[in-house]
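Enquirer: From just these sequences and the hints, can you work out the full model?
2 protein chains.
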Amino acid sequence: MNILVTGGAGFIGSHLCDELITQGHKVVVVDNLILGRKENIAHLFSNPHFRFVQGDILDMPFFDAVFANTAFDCVFHLAANSDIQKGGNDPIVDYQLTFSTTFNVLQCMRKYQVKQLVFSSTSALYGETSDLLTENYGPLQPVSNYGAAKLASEAYISAFSANYGIQTWITRFPNVVGERFTHGVIYDFIKKLKKNPNELEVLGNGEQIKPYVYAKDLVSGILFVWENSHERFNVYNLGVSSRTKVKEIAQMVIRELKLNAKIVYTGGERGWVGDVPEFKYDLSKIHQLGWSAKYTSNEAVRLAIQKAIEYNKNGYPTI
Amino acid sequence: MNILVTGGAGFIGSHLCDELITQGHKVVVVDNLILGRKENIAHLFSNPHFRFVQGDILDMPFFDAVFANTAFDCVFHLAANSDIQKGGNDPIVDYQLTFSTTFNVLQCMRKYQVKQLVFSSTSALYGETSDLLTENYGPLQPVSNYGAAKLASEAYISAFSANYGIQTWITRFPNVVGERFTHGVIYDFIKKLKKNPNELEVLGNGEQIKPYVYAKDLVSGILFVWENSHERFNVYNLGVSSRTKVKEIAQMVIRELKLNAKIVYTGGERGWVGDVPEFKYDLSKIHQLGWSAKYTSNEAVRLAIQKAIEYNKNGYPTI
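Protein chains in written order, with the working numbering: chain X, 1 to 319; chain W, 1 to 319.
What the hints contain is simulated information worked out from the structure, not anything from laboratory work. Quantities reported herein were computed from a predicted structural model and do not represent experimental measurements. Just so it is clear, CB atoms sit at the ideal spot from N, CA and C, and this is done for glycine as well. One or more of the hints may lead you astray.
[What the hints assert, rightly or not] From the structure, some residues in chain X lie toward chain W, with a derived Cβ separation under 8 Å:
no.: 1; residue: 88
no.: 2; residue: 138
no.: 3; residue: 140
no.: 4; residue: 147
no.: 5; residue: 155
no.: 6; residue: 261
no.: 7; residue: 296
no.: 8; residue: 298
[Stated by the list, open to error] Label-pair distances were calculated between CB atoms; the ranges are:
no.: 9; chain 1: X; residue 1: 191; chain 2: W; residue 2: 111; range: 38 to 48 Å
no.: 10; chain 1: W; residue 1: 130; chain 2: X; residue 2: 194; range: 19 to 29 Å
no.: 11; chain 1: X; residue 1: 92; chain 2: W; residue 2: 113; range: 10 to 20 Å
no.: 12; chain 1: W; residue 1: 231; chain 2: X; residue 2: 132; range: 17 to 27 Å
Expert: Structural data, given as C-alpha cells:
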C-alpha cells in the first residue's frame, strides 16, 4: 500500500514507520520537524520504499501537492501537538497543530479520494471522571485543550467518514513512553536530574496514577486494529491495564540513573492545567479483538528510562 | 447584566435580544450580517440598553476591541453557520463560521475574564442512531459538518470552562422554526411554491420525521436553563416531544398558501448530505428542571408558516 504518515518523524510516528516498512508498505512521511526529529527516521532514508517530505500540514498548497504527487491508499494521521502542558498555556497551539492539521488532512483526503484513515486519538477526550471509560462513554467533556482538539478532530473525522466514504480506525491511548520521546514526565525528570542530581521536584503530590504504554507496543496495537476491524468507523481504546504512580516514576528514574536524589513535591492533586489525576480505562474491546500490550505500565516506564539512558552512554541521556 | 449576543441579528439571536432587553439587561450584538439581518433588530435600535456592532468574529482585532470596550458579564454565543446543507457542500463553512467563531469567543472571554457563557448547540452532534438521545449519550459521532463543528465547539468550551473558570450553559436543540428564519424546510417549500405553485419537489421520500420547536419557545427555554441550573457546566437538550414528518410540512405549506400543488418526492431516506432522517430526543432533564415547550411540533410548523405568509400580505412572503 501507498501510505502517508503525518508526523512520521515524531516519537510514535517514527516507530510506526519502522513497522510499516517492515511489513512491505511504501511510506511517505510529512513532518515539519517542530516536534519530530530527522534522526528518528534517518535509518530509513536509504530504503527505496521510504520518502521524507519536510513541510507543514497547515500550509495547504504544500500539503495538497503531496497528495497530488502520490495516490495514497491510506493516511496515518499522527501529526499533532503532543505536549499537553504546552497546549494548556496557549490554546492556539492545539487548535492549530492538533485540530486544524486534522481538518486539512480530511480536506485533502476528500479531494484526492483517499479511502482509509488511521487516526491517533487520546484518552484525554474523556475528561475527568471516575467512571469506567469505554469507547461509547458519554458525556465527553475534556478538561485539556489537547483533549478538546482531539475530540474536535474525531468529530470532523466522523462527519467526513459518513459523508465522503472514508473508512476510519481511531485508537485512543493514554501516556506513551519509550525511546525517541520528546516530552512527558520521564523526560522532565531526567532533565531536572541532569540540572540538579541531588533533588527532584515533582509537580503535584505524586499520587497521580496513570497507565503508560510502551511506544512499540502501541504501534503494534494501532496496526492490529487497522488490520482486524472492518466497520466503516472503528474506535478502540488502546493501552495497558496496569497503572503507575508519578511518585513511582520519580523513584524509578532516580534508581536507574544510580542517583540518591531527594524527591520534593509541589503539592496538589493536579500536576498542571488540564492534567487528569486518575482515570479508569476500559480495554475489553481491544482485548476481545485479540490484542493486548506486551509490557505492563511499570515495565514500559522502566524500559523507557533505560532506553533514554542508553541513548547517551557517556553520562546523562541527550535530553 | 452586560450581555454580548453573537449572531444577535440572526433568526434565533434576534428573538433572544428581544427577551433579554425585556428583562432589563444591557445587550451588545455582534453580527457580520451574512445570515443575520438588520431588520430583525431594527426595532431595538432606539433602546439605550441596546447596541449593534457590525463585524466579524473571525476578525480578531475587531472582536477583541468589542471586549475591550465593554466589561461583559455574560456571552450568549449564537453566531454560526445555521445552514446545515450549505455546510455539507463545503466543510470550510462550518469550520470557520461555526467552530472558529467559538474558539475566538473563548479566547476573548479568557483574556477579558468573562465568567458566563451560554452556548447554542445542536442535536446534530449525536449523529445518526436510533438510541434515545440523553445529554450523556455516547459515542458522539456526528454525520454532518455542522454537527461536527458544534461538537468541536463543545469540546473546547468544556476545556476552557474547566481551566479558565467559565461557567457554561449549553442547550442542544433540533430544528427551529418561526418568524425571521433564513433557511430550512419551510423556507425552501415556500420558495419553491413561489416559483412553481403547481408542484412541490420534496428532497427524499418525505418520511424524515423530526421535532420542530418554535423560536420564541426555544428562547424561553435557553433563558430558563441559564437562570435555573447552577453547575459549572450545564448541558440540556431543548425541544418538543412531538415530531413532524417532512411530507406533513409540505401538506401544511400548500394548505396555508391555499394552493393545490402536487407533491413530488425525489426519493431516498435522506434529504441531503449529512441529513439525519430520524432521531429520538430525550427531554426529561429539561422537563425535570421545570420547563417544557408551549407549542407542539405541528403547531410550531403551522405557526411558522403563518408568520412567514403574514410577512407579506400582498402575495407570497418575502422569501
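Enquirer: So does residue 231/W sit 17 to 27 Å from residue 132/X, Cβ to Cβ?
Expert: At 22 Å between Cβs, range holds.
Enquirer: Per the hint of 38 to 48 Å, is the separation of the Cβ atoms of residue 191/X and residue 111/W within bounds?
Expert: Cβ of residue 191/X to Cβ of residue 111/W: about 31 Å, so the range 38 to 48 Å is violated.
Enquirer: Check the following: the C-beta atoms of residue 130/W and residue 194/X are separated by a distance inside 19 to 29 Å.
Expert: Given range 19 to 29 Å: violated, Cβ gap about 57 Å.
Enquirer: Any CB of chain W closer than 8 Å to the CB of residue 298/X?
Expert: 30 Å, violated
Enquirer: Is the shortest C-beta separation between residue 261/X and chain W less than 8 Å?
Expert: For residue 261/X, the interface hint is violated, since the closest Cβ of chain W sits about 31 Å away, which is over 8 Å.
Enquirer: Given residue 155/X as an interface hint, is its Cβ closer than 8 Å to any Cβ of chain W?
Expert: 4 Å, holds
Enquirer: Identify whether the interface hint at residue 296/X stands, where standing means a beta carbon of chain W within less than 8 Å of its own.
Expert: 28 Å, violated
Enquirer: Are residue 92/X and residue 113/W spaced within 10 to 20 Å by their CB atoms?
Expert: 18 Å Cβ-Cβ, so the 10 to 20 Å window holds.
Enquirer: Hint validation: residue 138/X versus chain W, beta carbon distance must be below 8 Å. Holds or violated?
Expert: 2 Å, holds
Enquirer: Does the interface hint hold: is residue 140/X within less than 8 Å of chain W, judged Cβ to Cβ?
Expert: 6 Å, holds
Enquirer: Can the hint on residue 88/X be confirmed by a CB-to-CB distance to chain W that is less than 8 Å?
Expert: Check passed: Cβ of residue 88/X comes within 7 Å of chain W, closer than 8 Å.
Enquirer: Using 8 Å as the Cβ threshold, decide whether residue 147/X counts as touching chain W.
Expert: This interface hint holds because 7 Å falls under the 8 Å limit.
Hint compliance for this structure: hints 6, 7, 8, 9, 10 are not met, and every other hint is.
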